[in-house]
Amino acid sequence: MPALAALPVAGLAVFYLWPLATLWARVLNGSSVGDTLRAPGLGRVLWFTLWQAVVSTVLTMIVGFVPAYVLARYRFAGRRAVLALVTVPFMLPTVVVGAAFLALLPDGWHSSARAVIVAHVFFNVAVMVRLVGAMWAVLPTDLTAAARTLGASPAQVLRHIVLPLLRPSLAAAASVVFLFTFTSFGVVRILGGAAHPTLEVEIARRATQLGDVDGAAVLSILQLLTLGIVVWWSSRAQRRAAVALVGRAAPRRARSDRERRWVAAAIAATVILMVLPMVVLVARSFRVGDHWSFHAWSTLGADEIRPGVSLGVDPFASLFASLRFAVVATIISVCVGGLAAAAIAAARRHGRLLDAGLMLPLGTSAVTIGLGMLITFDTPPFDWRAEWWLVPLGHALVATPFVVRSVLPALRSIPDDQRPAAITLGATPMKAWWEVEVRRLGRPLAAGAGFAAAISLGEFGATTFLTRSGRETMPIAIDRLLGRAGDVPRAQGFALAAVLLITTAAIIAVADRPDVVDA
Amino acid sequence: MLEARGIVVRFDDRAVLDHVSVEVADREVLALLGPSGVGKTTLLRVLAGLLVPDEGSVWLDGVDISSVPAHRRHIGMMFQDEQLFPHLDVARNVAFGMRMQRRPRAEIQSRVSELLELVGLVGFESRRTNRLSGGEAKRVALARALAPGPAVLLLDEPLTGLDRELHDRLAVDLSTVLRATATTAILVTHDRDEAATIADRTVWQADRP
Chain A
692 MPALAALPVA GLAVFYLWPL ATLWARVLNG SSVGDTLRAP GLGRVLWFTL
742 WQAVVSTVLT MIVGFVPAYV LARYRFAGRR AVLALVTVPF MLPTVVVGAA
792 FLALLPDGWH SSARAVIVAH VFFNVAVMVR LVGAMWAVLP TDLTAAARTL
842 GASPAQVLRH IVLPLLRPSL AAAASVVFLF TFTSFGVVRI LGGAAHPTLE
892 VEIARRATQL GDVDGAAVLS ILQLLTLGIV VWWSSRAQRR AAVALVGRAA
942 PRRARSDRER RWVAAAIAAT VILMVLPMVV LVARSFRVGD HWSFHAWSTL
992 GADEIRPGVS LGVDPFASLF ASLRFAVVAT IISVCVGGLA AAAIAAARRH
1042 GRLLDAGLML PLGTSAVTIG LGMLITFDTP PFDWRAEWWL VPLGHALVAT
1092 PFVVRSVLPA LRSIPDDQRP AAITLGATPM KAWWEVEVRR LGRPLAAGAG
1142 FAAAISLGEF GATTFLTRSG RETMPIAIDR LLGRAGDVPR AQGFALAAVL
1192 LITTAAIIAV ADRPDVVDA
Chain B
3 MLEARGIVVR FDDRAVLDHV SVEVADREVL ALLGPSGVGK TTLLRVLAGL
53 LVPDEGSVWL DGVDISSVPA HRRHIGMMFQ DEQLFPHLDV ARNVAFGMRM
103 QRRPRAEIQS RVSELLELVG LVGFESRRTN RLSGGEAKRV ALARALAPGP
153 AVLLLDEPLT GLDRELHDRL AVDLSTVLRA TATTAILVTH DRDEAATIAD
203 RTVWQADRP
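The listed protein sequences correspond, in order, to chains A and B. Take the first sequence: its position 15, counted from the start at 1, is 706 in our numbering, and no numbers get skipped. Take the second sequence: its position 36, counted from the start at 1, is 38 in our numbering, and no numbers get skipped.
The hints are simulated quantities; they were obtained by calculation from the structure and are not laboratory data. It is possible that some hints are incorrect.
Here are a few chain A residues that face chain B, going by a calculated C-beta distance under 7 Å [as the list claims (entries may be wrong)]: (1) Gly842; (2) Ala843; (3) Ala846; (4) Val934; (5) Ser947.
Covered stretches of chain B, as calculated for chain A (at least 3 residues, CB under 8 Å) [said to hold, decoys possible]: (6) 144-158; (7) 191-205.
The following residues of chain A were derived to be distant from chain B, with all beta-carbon distances above 12 Å [to be verified]: (8) Val700; (9) Arg771; (10) Ala825; (11) Leu841; (12) Leu856; (13) Pro888; (14) Ser925; (15) Ala932; (16) Arg939; (17) Val971; (18) Phe1007; (19) Met1050; (20) Pro1071.
Keep in mind that this is a model prediction, so the values were computed, not measured. Idealized CB from N, CA, C, for every residue including glycine.
Whole structure, please, built from the sequences with the hints as guidance.
As structure tokens, then:
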């Protein structure tokens, strides 16, 4: 265990804990806490961050409720495909979701809180379907039947039986959605406009545009504390409401025509909600001004839109920069995550500690991670700010937990005596290890690698801090293109977002096998 | 009187019930006896309104209730694995049906104690359902099903999963409670002795009753 864990622990300590400690130190030693918190306009930022997160969370839970129910309880042709489809938006890069809604929503909605909230709902419906659906799928059907025979109407069954029993998963889903929307960055940058900054956007603005690193540090610690409270509340609510369920539950086919019609309608509505923004995004990349054109696509390779007028960002180069970073980030995540999973599986108690430690970067906002790295690695011999590898390393920090999550269950399911058994059957130790462990881990490792690549391709918050000019990644290029005036850059932004959308969706489709709800 | 006429239920084109008819008179306890897999439970679900049959109708006191939803049928059911609500304590489980009918709080309270006394669980009000033994859970399930005063009570293998001694004692208790409350009931079981102890009349349901 110690040998296996060495690399993951060292990586976590140097690239996550140290930057976080630097942030804290900066806040505790500096005199900027009072100034920052008293600064005019901060109240407005905090208020907007909070209310948009609350409204987004509530709306996500309402909109996601029916898809969660139908996908958990009904068996129908194409169920797995719909499950996979619903999950795609959640794994999509935030700038792609932002771009899709910029393309979809009418101009009057641009730079508005409404646009941000609608995109957040689209983004997070998957959380409801996955978390609440997983619990709903194991709710014994006879429990609701018992309530019905006792005189409870369908509405009463929902209120008195289903909702109380789903509470742990509802609390989990609510806190995950709240965390994501509270720290929303890419979506808000693209759809919110200057008038609607969230805390996350404000931190980035102070650090990168105003040069107020101390103020940014104060705000990111403030945000970290808020997230801590939410996580604490959520785990308490989940523990309290947890009950053991007895009885069978299996998705079934709709029986009556009425049932079939409403199930079909619910699925159709879900599919349209999920597909429409993506389709419109691709379509809009073929429109320049008010006519159809390939112009945006054919000029992706040039960083001049008109002779002599430079964009300042080369879309085509960003594609290659992103791909290169994704390859490196994936290799790092798979190696570190694989080692960590092996270490966690081998050691029982300390394993849980390492597991929780590796999850921490997921609960930390991307901007906080980027800012921490930026202010930590700025003095020799650790002046790594200009190093290209800092970007994929930041990505790997966020991606590694996904590799661990995907490999660990498979690793734990291998019985202890399988390798000895293989050896007694005449396999060399090396061959036994290959046959028993490596072959079984191939598929989960590939899935983890897929998630890591998708995360790296779409990462925006941390990259904002770590990127150097000339090495912009796709999300950064998209953000810049969509932020510029003019029809051509905007169409190019949509085109580049479409490339990122299709790449990510393809990776997820291969990597993700949604059997969570069946389990 | 509860009556099922010509019930047909098909799952994926396989007929689980093929023109089954059954009737139970007021205050009668009828046992449906037969091996597992002949659709006894399915028949109870049709009677309770939990499952819409492909053909056939259900009548209660001369009224066709085939299109009445389960929660308005006044037909109670005791499930094989009790299906007590795990987030409610014993008293709130028993009170559930009356709460759905929005009966006054005082009435609910006195009826809950009355029923717990009837099934021999005095003082169990605030017990959590996961702190009950197998026999106690069955008694709570019976009290809960009787509480709203159903016109007919359906019992789906109510005593499975108990050891022999406890099973026999509970069978006698169940019979006593059903008589004391003058309840009309249909009991589904695969145990001949159980049927003889509890029921007034036994119907053999094989492949085609």
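Query raised in the report: Hint numbers the structure violates, sorted upward?
Result: Violated hints (numbers, rising): 3, 7, 11, 12, 15, 16; every other hint is consistent with the structure.
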